[in-house]
Each structure stands twice: as C-alpha cells, then as structure tokens.
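Asks: Okay, here's what each chain looks like letter by letter:
Number of protein chains: 2
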Amino acid sequence: MTTVTNALRRQLSSLPTPAAEFPSWAYEPKSYFKFEVIHQSTKSLARVGRIHTPHGIIDTPGFVAVATNAALKAVDFPKADNAGQQLCFANTYHLMLQPGTDIIREAGGIHKFTGRTDRPFITDSGGFQVFSLKHGSVKESLASRGELKRSTVKNKPHWRSGITGSNAVKVTEDHVIFKSYRDGSKVILSPESSIQAQKDIGADIIIPLDELPPHHIDRGLLAESVERSHRWEARSLMEHLKDSRERQQAIFCVVHGGTDVELRTRSIDYLTTLPWDGYAIGGSLGNGRDELRELLDWMMPLFNIGERSSKCRHLLGIADVESVRNAVERGVDTMDSSYPTKLARCGTLMTSRNGLIRIKQGKHSKSHGMKIDEDCECSTCSHYDRSYLRHLFKANEPVALQLATVHNLHYMNTLMSELRQQILSGKI
Amino acid sequence: MTTVTNALRRQLSSLPTPAAEFPSWAYEPKSYFKFEVIHQSTKSLARVGRIHTPHGIIDTPGFVAVATNAALKAVDFPKADNAGQQLCFANTYHLMLQPGTDIIREAGGIHKFTGRTDRPFITDSGGFQVFSLKHGSVKESLASRGELKRSTVKNKPHWRSGITGSNAVKVTEDHVIFKSYRDGSKVILSPESSIQAQKDIGADIIIPLDELPPHHIDRGLLAESVERSHRWEARSLMEHLKDSRERQQAIFCVVHGGTDVELRTRSIDYLTTLPWDGYAIGGSLGNGRDELRELLDWMMPLFNIGERSSKCRHLLGIADVESVRNAVERGVDTMDSSYPTKLARCGTLMTSRNGLIRIKQGKHSKSHGMKIDEDCECSTCSHYDRSYLRHLFKANEPVALQLATVHNLHYMNTLMSELRQQILSGKI
Numbered sequence: 004m005t006t007v008t009n010a011l012r013r014q015l016s017s018l019p020t021p022a023a024e025f026p027s028w029a030y031e032p033k034s035y036f037k038f039e040v041i042h043q044s045t046k047s048l049a050r051v052g053r054i055h056t057p058h059g060i061i062d063t064p065g066f067v068a069v070a071t072n073a074a075l076k077a078v079d080f081p082k083a084d085n086a087g088q089q090l091c092f093a094n095t096y097h098l099m100l101q102p103g104t105d106i107i108r109e110a111g112g113i114h115k116f117t118g119r120t121d122r123p124f125i126t127d128s129g130g131f132q133v134f135s136l137k138h139g140s141v142k143e144s145l146a147s148r149g150e151l152k153r154s155t156v157k158n159k160p161h162w163r164s165g166i167t168g169s170n171a172v173k174v175t176e177d178h179v180i181f182k183s184y185r186d187g188s189k190v191i192l193s194p195e196s197s198i199q200a201q202k203d204i205g206a207d208i209i210i211p212l213d214e215l216p217p218h219h220i221d222r223g224l225l226a227e228s229v230e231r232s233h234r235w236e237a238r239s240l241m242e243h244l245k246d247s248r249e250r251q252q253a254i255f256c257v258v259h260g261g262t263d264v265e266l267r268t269r270s271i272d273y274l275t276t277l278p279w280d281g282y283a284i285g286g287s288l289g290n291g292r293d294e295l296r297e298l299l300d301w302m303m304p305l306f307n308i309g310e311r312s313s314k315c316r317h318l319l320g321i322a323d324v325e326s327v328r329n330a331v332e333r334g335v336d337t338m339d340s341s342y343p344t345k346l347a348r349c350g351t352l353m354t355s356r357n358g359l360i361r362i363k364q365g366k367h368s369k370s371h372g373m374k375i376d377e378d379c380e381c382s383t384c385s386h387y388d389r390s391y392l393r394h395l396f397k398a399n400e401p402v403a404l405q406l407a408t409v410h411n412l413h414y415m416n417t418l419m420s421e422l423r424q425q426i427l428s429g430k431i
Numbered sequence: 004m005t006t007v008t009n010a011l012r013r014q015l016s017s018l019p020t021p022a023a024e025f026p027s028w029a030y031e032p033k034s035y036f037k038f039e040v041i042h043q044s045t046k047s048l049a050r051v052g053r054i055h056t057p058h059g060i061i062d063t064p065g066f067v068a069v070a071t072n073a074a075l076k077a078v079d080f081p082k083a084d085n086a087g088q089q090l091c092f093a094n095t096y097h098l099m100l101q102p103g104t105d106i107i108r109e110a111g112g113i114h115k116f117t118g119r120t121d122r123p124f125i126t127d128s129g130g131f132q133v134f135s136l137k138h139g140s141v142k143e144s145l146a147s148r149g150e151l152k153r154s155t156v157k158n159k160p161h162w163r164s165g166i167t168g169s170n171a172v173k174v175t176e177d178h179v180i181f182k183s184y185r186d187g188s189k190v191i192l193s194p195e196s197s198i199q200a201q202k203d204i205g206a207d208i209i210i211p212l213d214e215l216p217p218h219h220i221d222r223g224l225l226a227e228s229v230e231r232s233h234r235w236e237a238r239s240l241m242e243h244l245k246d247s248r249e250r251q252q253a254i255f256c257v258v259h260g261g262t263d264v265e266l267r268t269r270s271i272d273y274l275t276t277l278p279w280d281g282y283a284i285g286g287s288l289g290n291g292r293d294e295l296r297e298l299l300d301w302m303m304p305l306f307n308i309g310e311r312s313s314k315c316r317h318l319l320g321i322a323d324v325e326s327v328r329n330a331v332e333r334g335v336d337t338m339d340s341s342y343p344t345k346l347a348r349c350g351t352l353m354t355s356r357n358g359l360i361r362i363k364q365g366k367h368s369k370s371h372g373m374k375i376d377e378d379c380e381c382s383t384c385s386h387y388d389r390s391y392l393r394h395l396f397k398a399n400e401p402v403a404l405q406l407a408t409v410h411n412l413h414y415m416n417t418l419m420s421e422l423r424q425q426i427l428s429g430k431i
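Chains A and B are the protein sequences, given in the same order.
With our numbering applied, the first sequence has no gaps in its numbers, which climb one by one up to 431 at the end.
With our numbering applied, the second sequence has no gaps in its numbers, which climb one by one up to 431 at the end.
Rather than coming from a laboratory, the hints here were simulated on the basis of the structure.
Heads up, some of the hints might be wrong.
Since the list can't tell identical chains apart, any single copy or any two copies may satisfy a pair.
Unchecked claim - Derived DSSO-like pairs: lysine-lysine, alpha-carbon spacing no greater than 30 angstroms straight-line: (1) Lys46 with Lys245; (2) Lys369 with Lys115; (3) Lys115 with Lys374; (4) Lys397 with Lys189; (5) Lys182 with Lys369; (6) Lys76 with Lys189; (7) Lys76 with Lys33; (8) Lys397 with Lys76; (9) Lys115 with Lys182; (10) Lys115 with Lys363; (11) Lys173 with Lys397; (12) Lys76 with Lys363; (13) Lys369 with Lys33; (14) Lys182 with Lys363; (15) Lys182 with Lys397; (16) Lys115 with Lys46.
What you are looking at is a predicted structure, and each value in this text was computed from that prediction instead of being measured.
Construct all of the structure, not just a fragment, from the sequences and the given hints.
Replies: Structure, rendered in structure tokens:
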C-alpha cells in the first residue's frame, strides 16, 4: 500500500519513481541477456560489441530491420537471415490489432509464431503509432516516418487536450485511448498494458510506454512531457519486474528531452539510475542529419560515464547511411529504421560504389550482366542483373519488391560489418 | 517466287500450306530437342516421358507454371526451382510491350535475361492476349482466364469486323492490330512477327500465331477460323524454319476446332502432317470440367495414331487438380495454368488431405504448429504454420503471396510426380 501512496504522491508532484524503490536484484546481471563490449575505440566513442539474447547474438554496431507485423515486407525470414539480419523490430500497436497479442502468446511467443526461433526480436511499446495516429491514419503516419524524423506529430495547439479527429487519442496520466485503425474500436494503452502486450509477444527486448511530443513543442510542455514519460517508463519497468525472473526479456528505457541539452541530460541522469538492460534514444532527434549529428555530439558522451557505458544504446528510427556512420562514431550500438526496406520497395537500391540507384530509370534497361553492386554477394545480386530488375519493377511484378529488399538488407548488414571491422582496426 | 504465288492462291482458296512444301530436313530428329516416352500405360493413354530441351529436362506428365512477364508472380526462380518447377510459360504479348523483345534478345535470350539458365521456358504467340483484349482490358482478360475457360472472348456479332472499342483489334488475313495496354500505341502481330518476337525471347518451345474464336461461335465461322489458324500456323512454321538450324528452339502447333469432332479431327489431321516438335491443344476446350473430359475422351486417341504418338502434347491454360488427373489419364503430357498461383495470391492453399484451404478464415487463427499440408515438404510448410500464414494474409503482408505461391507450386509439382509414379506402377 505504501507504493500506491507514493505513486499517487508522485503523480501529483510529477516526480517519477526513484531508483530506491526498485528491487536490488533487478540491478544484478541476467543469465539470459548480456551486452559485451569487445573493443572500445581510443579515437572515438565507437565500440564493437555483442548482445547475447535468448535467441541469438546481435553484433554491434548493428542494423535493426523493421518487421512491423512480425514479418519483413516482401521478404521471408530465412532469406533475411541469409542477408545477415539479426535483430528485427516488430510493432506492438500493429500486433495488438492483428492477430492480437493473445494469439502470439498462445503460439508460444513471436519466435515460435513466426518460425524465426534462432534470431532475436525487439518490440516497441505501441506508443509511437498511437501518438502518430492522432493526426492521421496509420498509413500516413508510417509513410511520413522518413529518414530522420522520429517525431512526426505536427505541432498543433492542445495536442494533449482530449479526443479530436476520427483517429482520436485521449491522453491521461494513466493511459492513452486510441481507435483501432482496423475496426474503429477503442483500445486503451497504459504503461502496464503495453508491457503485458509485449510479454505476450515475447520479444527478447521490450520498450516501456513513453509519450511522443510534437517536434517543435514549447520548452515548458516538453519538460512536462519528459516527466510524464519518466513516470510511464518507471511504471512500465515496475510492471516488467513483476515477473521478469520467469520471462527471459530485457527492457530498454527511452531517453527523451528532444534537442534540449538540459532536458536530455536530466532524462539520461534519471533513467540511468534505474535497472534497465539498455538505453534507447527517442523523442525528437533534430530536424535532418546535421541536427542529429550535433545532438549526438553532445549527448552520446553522457552515456559514457561510469556504469552507463556498460549498457547498449539503441537509436530509435534512424538508419540512413550517413546517419549510421555518424551514430556509430559517437557510440550508438544498434539502430532501427524502415528506410532501407522502404527505399527498396520504391526501386531504390543501395550501393557502396554508386550510392542510391533508381532501378526504374531507363538507363538501366540494357544493363545486361551488370550487377546492382559489383562486390555484392546477396542472393539478388548472385542471380539477377540491373536490366532484369528494372524490367520487374516496370512490369509491377511483386517479386521485384522481394529482390530489392533482400539487396538493401544485405547492404545494411554488410555496412555494419564493415564498420565493425573499421573500429577493430582503429580506423574509426 | 513460286512460294509467294502459292501462298496467295491458298489465301484466296483458304487452303493452308500442304506438308509437301516444308523441307524434308525439318522432319528429322533434332539434336537439341527430344521427347522420350519412358512408359506407356496399358490401362489408359497415360504415359510417362521426358522432354529434353537445351535448358534441361521436363518430366511428363508435368505442370507448367505461368511466368507472364518472365517472372513468377511473387516468387523468384530459385525458390520455384526448389519447389520442383521445370517448365515456365512466359507471355510474348506482355514481353513485347515490356521490356520489349529487343531487350531480351540483347540480353542473350530469356534464360540469360532472367538468370534462370538451367530450366526451360515456353512462350505463346501473343495471340491469346490480343484476342482477349478485343473485349476488355488485359487485366480483365487475365482475371477471366479461369480454371477451364481457355476461350474467354464473348460471342459478339462481327467479332472479326474491324476496329471496335478502346482496346481495338483489327484482324486481317495478314495480321492483327492491337493497342498496347501500356501506352495505347498500335502494335501489329503477324505469324511472322510473332515468331521473330519469340526468337528474340529465345524460349525452348515456341507457339505459332493462331486465331482465338469466341466460345459459342457459329459452326461455319468456327470452321473459317480453324482454317485461318491453319494458314497462320503454317506461315509461322515456315518463318520458324528459316533459321531453325541456328537457333535451338522447338515449335508446337496449336490444334483447334473447339468441341466439334469433325473440325478437331480435321485440325489434328492437317497439323500432324507438318514438322512440328509437339502438339498444343488450344481453342475452346468446353465449358467446365465435364465438357473438357468428354472432349479429351474422343480427342486424345486421335493423337495416339502412328507417328503422332511420338510427339508430346500440351494442354493450353488448364491445370485444376481434377482436370489434371483427367488429362493425364487421357495422354496429355504437359499443361499450363495460372490457376494454382492465382489461388495462392487469394489465400487459397492446395492440399492433398483437405482439398482447398482458405487460410484467411478465422478458424485458422489459432492453428499453432499446424502445417498447411501435413506431409508437405515445401519451404513454406517447413518454416510456417497456418496461424502465422493467416496472420500474414490478414495483415496484407506482401510476403504472404510468396509463401502461399511456393506452397501451391510445390503441391502441383508433387502431384505430377505422384501421377508419374502411379502410371509407372500401373495404377493409371
């Protein structure tokens, strides 16, 4: 009963749960989850590591592919595994609505459900889509989730003021209410229910519910939002710890504070006192690559202080090539993005020698025998040339999406492998 | 010059080129193409054989998958090969418009173009789509190309009377003119240009241009149409033979005559005197499975007379399970259809134990660990269960199409393999 009273008091005073209220055993090493730093660069904050999960290893720095509905768009898992894909990111919001997290629980979790039993999964809290939904359909929201913009919610007045629009969201201290994009039914997502949904899904790494503020929010409102995220994350962690010893799942916090040095610092300072297994970096990450780089410049050293440096750091929603390099040099361990797979579906292929190739362009029509990327050893490049791939896109053949996606996934995983080598050999 | 005069005379008199006008060497065995009967049933006309092509063997009876744009819908060729797919059917009409047969010629033919260098292809003449187009878009035409209806052109008066409608076709003795479904430009297809297009494409087996009459045409018009098809096919064969010794392609005639015993018999009697490498069965094949079976009952013995029985027989556009069995028992060697792959894309899965399964049905949502087909060894069944496949279809994940198509292709090829075994063991 003391805890409830404290929680109520905190809610009124806006203070999040202090570290002292979490059980001491939660800070102890886990048998099922470990982050191991193999090499720390002396030139930069870059490091090579290995995340040990119950379903296999994630080599870091590592690219995390987005598998929203527990499936990669257009590619099946064995093919993705073959393209070097280790960690995949599934979206709790989508899985709650289809097939329902109860179905995945009954299947024995996402690994058994998908048949991908020897590679790890991570899930988000569902919050990102819920907050994005407020100002548009999930389709628009996903389409707008571009290269760098983690925070896609438009800066509208009263963004938290209650039910508005057809895909309405009501945000209270306790929870958010949203309408299912599938049937319009009302769904409640709270820190506790998000954690329970993620326990049903059973990913190797789960994420607490946070509040996603608009990009250019007033500083006072941003501070309030960061505090609410802290309270929600602390509640999420508490819920997680209830049965964390029976379930082999790790939980990462989400650091907030936008591009504000003081708020980010405060967020890192508070969250790193709690027994998280790793740190995810969320909220607004600046507008464009340069702002992100500047943010990482001053923010990433904050994760390199004392004990903090032993935890892995995940950058949420960003993995364009230039930002990947910037992030790796600044000590980011993993990063997810649907950018490479979305590019592929539009016929844009990533190459090490020629940058982005738009395969639909006429100039590729007679590129007989010419690989997308000369040195690429992916299954697409091993079998097909540019001319045929262009034809498949021009003819709207669905197999085109598969072949392009496999290539871009292979490209990203090869890029990460090369970056690991460059760190190990002292070049980064 | 004599030939031209003869051709003109025949055109006026409606008589097709007689066998005597074809060179005697054209009747000799080919080094690059051979049909070998391994076992002839004593119980039925069923037989087990092997077609040797420049790009590999086709075991008969064999299912031929439709790869319209030189690609199977949603599945890449290595995966299809793995599902036992040997012969694939590409559509000349589509390839003429995209990427253009010149592009495929420059690539070195369809095998090099697609990277599928060790399995055979067959192409049609382009005529089927051209005639279907006359009364609808190619999309409608393809959609209507159902289970049994090879002839989809509605019986309209004056169907041959000139340019009508937006996708107009003009049919003359010399050629057909049609509008490209891609850009509306006029394209001329003649027996000679169809053969040249197919030589550019370079499939192992090609098909002469024929006229596709409406299903319920007046008998007099049908007879006229059969004669025109004969003239077009003879012209196609003559064009093919011009350089057939330099190119390793076989050519199959298309037998016409609808469900009319006399016209079919006449078509078989004429066409089998010419130096074709095999016989395709086209035109109207009856309305429904029963009519097809009756047609095969009296027609197939006509292919079993003397020398005719040494050539392989392909049934055009039909491969639903029941009709496959009927056709095999009556001596059909190969048959193509987009039916199994189209079924798959609608979420209908073929099984040996439970017939057709509609995977989107709610009852499959909790079928954890239950394979589509218990004994199936396809890559889909090896990795995924019904519950997950249902989820993929419900979530509109593009990978669902791939997984379902692989299964149905594997099912069809396994079915053919079982039928071959049943023939060899004297059961059929």
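Asks: For each hint, tell me whether it holds in the structure or not.
Replies: A quick look at each hint next to the structure:
no. : hint               : in the structure
1   : Lys46 with Lys245  : neither (42 angstroms within a copy, 71 angstroms between copies)
2   : Lys369 with Lys115 : between (44 angstroms within a copy, 13 angstroms between copies)
3   : Lys115 with Lys374 : between (36 angstroms within a copy, 13 angstroms between copies)
4   : Lys397 with Lys189 : between (41 angstroms within a copy, 20 angstroms between copies)
5   : Lys182 with Lys369 : between (49 angstroms within a copy, 25 angstroms between copies)
6   : Lys76 with Lys189  : within (27 angstroms within a copy, 38 angstroms between copies)
7   : Lys76 with Lys33   : neither (33 angstroms within a copy, 47 angstroms between copies)
8   : Lys397 with Lys76  : both (19 angstroms within a copy, 14 angstroms between copies)
9   : Lys115 with Lys182 : within (29 angstroms within a copy, 51 angstroms between copies)
10  : Lys115 with Lys363 : between (38 angstroms within a copy, 20 angstroms between copies)
11  : Lys173 with Lys397 : between (44 angstroms within a copy, 28 angstroms between copies)
12  : Lys76 with Lys363  : both (20 angstroms within a copy, 19 angstroms between copies)
13  : Lys369 with Lys33  : neither (56 angstroms within a copy, 33 angstroms between copies)
14  : Lys182 with Lys363 : between (38 angstroms within a copy, 24 angstroms between copies)
15  : Lys182 with Lys397 : between (38 angstroms within a copy, 19 angstroms between copies)
16  : Lys115 with Lys46  : neither (42 angstroms within a copy, 49 angstroms between copies)
In this structure, the earlier hints numbered 1, 7, 13, 16 are contradicted, and the remaining ones agree with it.
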